[in-house]
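Participant: Spelled out, the chains give:
There are 4 protein chains.
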Amino acid sequence: MKHPVYFKAAPGDPPPLTISIPRRARFDELDPLNIVWHGRYASWFEEARVALGDRHGIGYLDFFNRGITIPLKKFHADFHRPLTMNRAYRVEARLHWHEAARLDYDFRILDADGELMSSGYSVQLMIDRAQGVLVAKPEFFEEFCRQWRHGEI
Amino acid sequence: MKHPVYFKAAPGDPPPLTISIPRRARFDELDPLNIVWHGRYASWFEEARVALGDRHGIGYLDFFNRGITIPLKKFHADFHRPLTMNRAYRVEARLHWHEAARLDYDFRILDADGELMSSGYSVQLMIDRAQGVLVAKPEFFEEFCRQWRHGEI
Amino acid sequence: MKHPVYFKAAPGDPPPLTISIPRRARFDELDPLNIVWHGRYASWFEEARVALGDRHGIGYLDFFNRGITIPLKKFHADFHRPLTMNRAYRVEARLHWHEAARLDYDFRILDADGELMSSGYSVQLMIDRAQGVLVAKPEFFEEFCRQWRHGEI
Amino acid sequence: MKHPVYFKAAPGDPPPLTISIPRRARFDELDPLNIVWHGRYASWFEEARVALGDRHGIGYLDFFNRGITIPLKKFHADFHRPLTMNRAYRVEARLHWHEAARLDYDFRILDADGELMSSGYSVQLMIDRAQGVLVAKPEFFEEFCRQWRHGEI
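Chains as they are written, first to last, in the working numbering: chain A, 1 to 153; chain B, 1 to 153; chain C, 1 to 153; chain D, 1 to 153.
Take the hints with a grain of salt, since some may be wrong.
Claimed, not checked - For lysine to aspartate or glutamate, the following EDC-like pairs were computed, each having C-alpha atoms within a straight-line distance of at most 16 angstroms:
| hint | chain 1 | residue 1 | chain 2 | residue 2 |
| --- | --- | --- | --- | --- |
| 1 | C | Lys-73 | A | Asp-78 |
| 2 | C | Lys-8 | C | Glu-152 |
| 3 | D | Lys-74 | B | Asp-78 |
In short, the hints are calculated from the structure, not lab data.
Using the sequences and the hints given, assemble the complete structure.
Facilitator: Structure representation (structure tokens):
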């Protein structure tokens, strides 16, 4: 299975930040076909996105505590093979570099043999109450990006 | 099927307030046995509770706008017959009279023939930031109860 | 708000089949920002897709009873404005013509003023146990498509 | 906080079987009050029940593969303190001895300091297609109970 490319890097962009977490299907995520219902993948992807954000201090709360929310603008999932109970999976998230004030994540779900089960992406904007959608990155995130660019993360 | 009695009325209590709403199972509520997963009943019961609260001006937002939250203290469900897709059900909620600052609801899910599929109850307390759990009913709810007692609702 | 175009019709294709259903946000669909969590849109879209499938005899069970499942291959959502409680929305689904054995649906969520809140699409393949992914449309669906092409639906 | 007693042991009953699993709240489990919505506790309890069942070979699939389903007959939750994000919890499940063909589980959710956040219970019956609700324990479960009684588990 070829891995879809959802975001293209420009020359000179720092490599994406990555995380990988283990996950199993819960009984309440299964549908009548005994596979994880497609709408639950948003939760699987989000769990990895949250883990990466928390690790680097750029999670929901890090933004929220500065008066900024980061709602999803886009969500996409491609389903390659069904997820079933009693099997171990990994969810990988990658945060891609972007010059603008947005968060581009892509996701992969892999089984224990490394087979690609599902992939997808999300795009998040940054919004504060005063200005609406932010054009410039907020200062703490700009500082984070400086370190990212310089390979200090 | 005998209908369980979850709350006992004291002599002189006004009769419960009731509501009945139609509902169908959604595909994403079904489990691998092709029946509604037991954890989704909280949503079915809540939909009826919200409808009753909104009709009478004693819903989540009516409390919230006065600085009061009404979190659940107890939740109970008895499962008599499974809920399946493509069948029409009704969810009935009843709010029972209580002298204290709490909301005692019971619930029934019935099929088109009036067969009892499920029943249950919830207990909610009233909390405000300053005092914690309220002992006395807040004024707007006290006024509502006065009308309820006098049969004006 | 311009409405995104997810599927392009070829000359001579019959117009899409459409349905529109009312829907309100439930309390359990809201997130800490008091808006419908992005992962729940799959349920909103599906409710409209199911309604259209059931109306025309091409729903999950119509396929399933012939030994065919119709799992999602792709799911996409664009979030334009947040969905909140206590407001009335409509979900529109459209089934687009395709020569192959697949179901291409797009979706729009509109508020009472006709403002576009969200849009998206799903792609479903047809699978039977013997042949795997179907190339040709199953006979009952082929017959349905004949009527669709001739404007008899 | 005193721990509620949901099931009483008879003299001579073997002690309950127990399990404890770690769990954190996911973003999609939170409600507008920023706490885990009450209806999600069914999933928290179930995760511990499934872990205990799988450990001892008496899980959903162990029954299902013998033609028996184990649907919930009762579900109950008491909410003592709210669950929030970014905190670590443990969910404990205990399976209580019963002479009849049923599964009586109780549950506790504890925070890192051992404070009781929530407790509850579930009752499951055993059903097979031929006989309906089972009166006698199926053979594999009877054998399991023999070992349990003799302290071999």
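Participant: Would the pair Lys-8/C and Glu-152/C pass a check requiring their Cα atoms to be no farther apart than 16 angstroms?
Facilitator: 22 angstroms, violated
Participant: Taken at face value, is the distance from the CA of Asp-78/A to the CA of Lys-73/C at most 16 angstroms?
Facilitator: 6 angstroms, holds
Participant: Does Asp-78/B lie within 16 angstroms of Lys-74/D when you go C-alpha to C-alpha?
Facilitator: 5 angstroms, holds
In summary, the one numbered hint that this structure violates is 2.
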